[in-house]
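Once you have looked at the hints, place chain B on chain A.
Residue numbers (numbering that gives the first Met the number 0), protein chains in the order written: chain A, 0 to 414; chain B, 0 to 232.
These aren't lab readings, by the way, just hints derived from the structure by calculation. Please note: incorrect hints may appear among the correct ones.
[Claimed, not checked] Dumping the calculated DSSO-like pairs for lysine-lysine here, alpha-carbon to alpha-carbon at most 30 Å:
| no. | chain 1 | residue 1 | chain 2 | residue 2 |
| --- | --- | --- | --- | --- |
| 1 | A | K17 | B | K97 |
| 2 | A | K404 | B | K221 |
| 3 | A | K171 | A | K186 |
| 4 | A | K404 | B | K160 |
| 5 | B | K97 | A | K401 |
| 6 | B | K115 | B | K160 |
| 7 | B | K69 | B | K213 |
| 8 | A | K249 | A | K276 |
| 9 | A | K401 | B | K82 |
Please read all numbers here as calculations on a predicted model, not as lab measurements.
Listed below, chain by chain, are the residues.
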Amino acid sequence: MFNIERWQEIFQAIAKNKLRTFLTGVSVASGIFILVILLGAGRGIQNGIQNQFAKDATNKIEIYPGITQKEFKGLGIGRETQFKNRDYEIVTQKFENFIDNRSKLYSVWSGNIVYGKETGTYRIEGVNPNYQFIENASVIAGRFINLSDIEHFEKVAVIGKKVSTDLFKDTKSGIGKNINVSGTIYKVVGVFTDPGGEREESRVFIPVTTAQRAYSAGEDIRSMAFTMPKRDNFDQALAESENFSKQLDKILKERHDIAPDDESALNIQNSLEQAQKIYQLTDIIQAFFWFVGILTIIAGVVGVGNIMLIVVKERTKEIGIRKALGATPYSIIAMILHEAVFITLISGFIGLIFGLLLWAGIGPFIESDFFSHPEVDFNIALTTVILLTVAGAFAGFIPAYKAAKIRPIVALRDE
Amino acid sequence: MIEIKDLHKSYQTGSSSLHVLKGINFNVAEGELVAIMGSSGSGKSTLLNILGILDEADSGSYILDGVPIKNLNETVASRYRNKFLGFVFQSFNLINYKTALDNVALPLYYQGVNAKDRAEIAMSYLEKVGLASHSHHLPNELSGGQKQRVAIARALASHPKVLLADEPTGALDTTTSYEVMELIQGINDEGKTILIVTHEPDIAAMCKRNVILKDGLIIEDKQIVQQRAKLYV
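For reference, chain A alone in the conformation it holds in the complex (with noise of 0.2 Å):
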């Protein structure tokens, strides 16, 4: 299909109607480029709430007790289950390669907090360093609570930016002093933000184990989180965390005879699901601009098209001739799908460059929270290519159809 000679023919035939082409071809170009700009807004919408929504890890799973509302193995149901410190130990045995950051937590829901004068009740949660990481916390003054305060039993604290701010009167100069928290002293070593904002910023951090011991708990865990690592594709992400949440039932609830089918003794909550409806969101709002694009790409190929049958009637004459010399039918449809798809294709890639070459140049200057490095990929520049060779030879079909019809006899006689 694709000689040289033919080439040659084209050539002629675009060379003599530079303009038209042109124009023709602009039309081709604008449409790829609105395209390829849709399509890099598009990615670039997609990061940007994705990054919005990294900031509170996304996979994060976490299991409350329940009470039981089955018999199993000859107990009854309103039973409590009581999480200990070996349940931990087992889960997170087996599940290192699965997990990411991972705590057991000993929760007190509102604990009295006395410093000087100023008094509040707070949440008061004992949890492990890499707690900070699971809530995505930040400390902005002192540290976090690290493996040496967990082995001590250490009374420290780190404390929400709320609870700084009602006791201390600001975000710093709580360091270093004790407060009383139910009873006992502590000292504060750290101040973190939440970008769950001030409801998440009015709790205090304690060692776990400083907490088992503090309100004598013994053995006794009141929940666990984990996060899992972040992987590029959602499904796969979803796949493990729902594989694990399962694992995670079963394991639990053998330890602790519980019937299989117990749905509120335990409970596992899974932030992936919360996650796909931001990644459904970004998701429609892509389909939205490849639907645009699209559209914009029909308008050019109708162009093409359009500009294909003037050809064609243009030089019905001409294919007249040539038909009389023995061109077949299949050699004029060829010569004129030729020519479209040419014109497509050039036209389009010049679209596809201009495009690129706009977010490659403005792309790394857009820093907003929702909006953050466009990109048009490598697959989507090929689909678009692809797109385009279909879409030239649909925009030729019809013309040519129409020319390889043309009867020599009538193309001759009009002068």
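Leaving out everything else, chain B in the frame of chain A:
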């Protein structure tokens, strides 16, 4: 070379049908130079179109060089046109954005001859019609007579069995007409079968045989003594 038996052709124009050819019987042997004459509407162009496989008869038979021309699809028809026939038109019908050489080479392109051979063959035919020096001129840089010479070179390039000329001198002045006829006679002298549609008696007189059509029938078919165009130039 050409055998035609009882050829009929009518055209539908709206509700009425126009019977153009009403039973043509006509044979042409190899090497003949035939003028087909007749007033406008006599059916001579229709006959030429059928001979040129540009149109198809309603009934009757047409055998070209032993090959029956009947119910051909477009692809086969164009292959036969390319192989058997060379066309010369009144309005030259050169492709205006191609040079003289490229125009002459076009039938060879459709024969699948490679570019180098095409240029060589086309050049030799341009030489034959005396226009080798104009090979790279576009048609609009040539005079009417030169255009028709290029068209004749193009018609010959594919080495056809029969040359069909539709009023080849219709758009030319007398002197140029005779020059073109001299060229056509020369080609015929080399043995090529040529059919010319014309309504000019002086052009017909330069052929070897005159066939006169009237109202879709051949009313006269005679061998004549050929006038050599050279004498008039």
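Flag every earlier hint the structure violates by its number, smallest first. Those not satisfied come down to hint 2.
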